[in-house]
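One-letter residues, chain by chain:
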Amino acid sequence: MIHVIKKDVPKTRDKILIRVAAVVAALLVSSIIVIFADANPINLYMGIIQGCFGNLHRFAATIQFMVPLLVLSLGVMVAFKMRFWNIGAEGQFLMGAIGATLVVRIFPNLPLPMMILTMAVFSFLFGAIWLLIPAFFKAKYGTNETLFTLMMNYIALTIVTALQYDFWKDPGANGMPKIANFPANALLPSISGFNLSIVFAIILVILAYFFMNYSKIGFEITVLGESENTARYLGINVTKTIIIAALISGGLCGLVGMFQTAGISGALSVGITGGLGFTAIIVAWLSGLKVPFIVLNSFVFAVLLQGGSYIQTAFQIPGSVAEMIQAIILFFILGSEFALHYRFVSDKKTREVA
Amino acid sequence: MEIVFFLSAAVKAGTCLLYATLGEIISEKVGHLNLGVEGMMQIGAVIGFIAGFTSGNPYVAVLCAALAGAAGAMIYGFLTVSLKSNQVVTGLALTIFGIGFAAFFGKAFVGKKVPEAITTFFQPVKLPFLGDIPFVGNIFFNQSVYVYFSYFLVILVYIYLYKTKWGLNTRMIGENPVAADASGIPVDRYKYFNIAVCGALCGLGGAFLSLVYISIFPVNVVGGRGWIAVALVIFAMWNPGKAMLGAYFFGAMDIASFWLQTYNFPVSIYFFNALPYLATVFVLIFTSMRNHENKKEPAWLGKNYFKEDR
Chain A
1 MIHVIKKDVP KTRDKILIRV AAVVAALLVS SIIVIFADAN PINLYMGIIQ
51 GCFGNLHRFA ATIQFMVPLL VLSLGVMVAF KMRFWNIGAE GQFLMGAIGA
101 TLVVRIFPNL PLPMMILTMA VFSFLFGAIW LLIPAFFKAK YGTNETLFTL
151 MMNYIALTIV TALQYDFWKD PGANGMPKIA NFPANALLPS ISGFNLSIVF
201 AIILVILAYF FMNYSKIGFE ITVLGESENT ARYLGINVTK TIIIAALISG
251 GLCGLVGMFQ TAGISGALSV GITGGLGFTA IIVAWLSGLK VPFIVLNSFV
301 FAVLLQGGSY IQTAFQIPGS VAEMIQAIIL FFILGSEFAL HYRFVSDKKT
351 REVA
Chain B
355 MEIVFFLSAA VKAGTCLLYA TLGEIISEKV GHLNLGVEGM MQIGAVIGFI
405 AGFTSGNPYV AVLCAALAGA AGAMIYGFLT VSLKSNQVVT GLALTIFGIG
455 FAAFFGKAFV GKKVPEAITT FFQPVKLPFL GDIPFVGNIF FNQSVYVYFS
505 YFLVILVYIY LYKTKWGLNT RMIGENPVAA DASGIPVDRY KYFNIAVCGA
555 LCGLGGAFLS LVYISIFPVN VVGGRGWIAV ALVIFAMWNP GKAMLGAYFF
605 GAMDIASFWL QTYNFPVSIY FFNALPYLAT VFVLIFTSMR NHENKKEPAW
655 LGKNYFKEDR
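Going down the list, the protein sequences come from chains A and B. Heads up, the first sequence is in my numbering, so the first residue is 1 and it goes up one at a time. Heads up, the second sequence is in my numbering, so the first residue is 355 and it goes up one at a time.
Hints listed in this document are in silico derivations from the structure and should not be mistaken for laboratory results. It is possible that some hints are incorrect.
[What the hints assert, rightly or not] Within a straight-line C-alpha distance of at most 25 Å, the following computed SDA-like cross-link-like pairs (lysine to any residue) qualify:
id, chain 1, residue 1, chain 2, residue 2
1, A, K290, B, L437
2, A, K7, B, K650
3, B, K461, A, E228
4, B, K519, B, S537
5, B, K650, A, E228
6, A, K169, B, A610
7, A, K169, B, K519
Here the structure is a predicted model, which is why all the values come from computation and not from measurement.
Could you build the full structure based on these sequences and the hints that come with them?
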């Protein structure tokens, strides 16, 4: 009989090797689909690279994909560390965008710095509240947060739909169902395509790193994730910790709503998230919930996203191909995790104690 | 008369949800939360349509849809059962894959009509006796064969889960795979089987949309219904009978927004689309507050089982 046993902590070299092997294997399999789409796989993959680094403008676009993904992943990570499965990043993102838009509608004449600050606070709070609701019920009654936060995504989406098609519909848009664009004093300043959200992101990465690794609350969150009993034994206030983590997690995701409305789209709309909230969950998970890897992986995924949208126009290849390639890479990386954590042994050998 | 028409339309709208929900119940009962429902429905819808369009045979179409859905589910199954990958993340990846797959292979068929032979085959048929029952007859028994088959499936899934040894083992694995394994139940085999059936049923639900519910193949035929099915599983508290009620209730919500528009309903109709999700949230909260053991999710839902951890 062949047995599967757990490995010790994998070496960094093994990690990198296995991941690279997985991506290469995934690209080989994806090539079949690319050939189906009447394209040359090698040209296409080169096209993805060109689409991301070909010139400054494209590189800026890549970074603009990376920023929301990165901050969302950080948000998701804080909750995941606690084994609180926040699948609701998408909804918190939307609520944050609503918060930012609300500020613009209530105080349209604030000067830019004040405007950005107020928008940031509101989007943070809106996102945080959206996660605090499931967190409250989780802390009080043990309500399943995976399913709860998933539902909250769709509730947020219907709110945005109602706003876009009804309450906040721009009368000046010739009957088009859209919400009015932000005024110039509510747009994040940008230099050749790189906008202010990058600065926010850098600060947040540093804060998140120190918060998770060196702060008391960060430690409490991690302990609670490892074992609730240990946490109680150490005298950690479980309810308080859940609420604080949810506040930070939801808040970070909400903040992305502001980055996206004030930085990229210039207005709130139903399609504003582009599924990034879900991709962020995948990024956070694949990064092992570690901040440095989250930075790396959000960059990799940003390359895939920007490259994917570039090949659509440059190669006349449907965007669905890029979507499938992305999913295939995910499948392979998810599968390769197995090789990192487990190994095969046959019965004949003496079994080691793991 | 109008109310009968409305309710019969609700049953029809709820049928695709019912298939997918029954599938997800089977998967969740064995402890596997598969968030790939939307993806598997997409795959089933597009493969079902392509098979039906090229063959003109309804049996071929339905069979291909089920097989395609099951194949999609097997990707998830292999990754989560054998390779122990995270269920939530793998399910999301499957959804991304399915949406891309359907958009890619369906592109050439957008705007094509469902073949005559299939449309006739799936036309509403009034059942003898049952169809003559006043009120109820016209709502439930003047429907397509595809809808009748879903009634049959509800009973079948109920019997499978609660009246057979296999169902008992399935539920045991979902509640406690360690004990199940110790008592000699082949855990992985059950998991694969249930996950595959889940995929097949999601495929059938998707194909219902592309073959019966609409007559011209559109872009993105499933359009997020897979997520409603995930919600519905909780709403139904993992019970096939309640899944049926829930599916028709959510189906009614789906068409209610159109109807209310015509009556100049004072509340924004867009909020109606949130009702299925709100209802699900309330069910989640109430079940956790009441703490009924048999009305809660399976204890090992979302957790993978690693034998050597025992």
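To see whether the hints hold, each was checked on the structure:
no.: 1; hint: A:K290 to B:L437; verdict: 22 Å, holds
no.: 2; hint: A:K7 to B:K650; verdict: 34 Å, violated
no.: 3; hint: B:K461 to A:E228; verdict: 50 Å, violated
no.: 4; hint: B:K519 to B:S537; verdict: 13 Å, holds
no.: 5; hint: B:K650 to A:E228; verdict: 21 Å, holds
no.: 6; hint: A:K169 to B:A610; verdict: 23 Å, holds
no.: 7; hint: A:K169 to B:K519; verdict: 57 Å, violated
Hint violations for this structure: numbers 2, 3, 7, all remaining hints satisfied.
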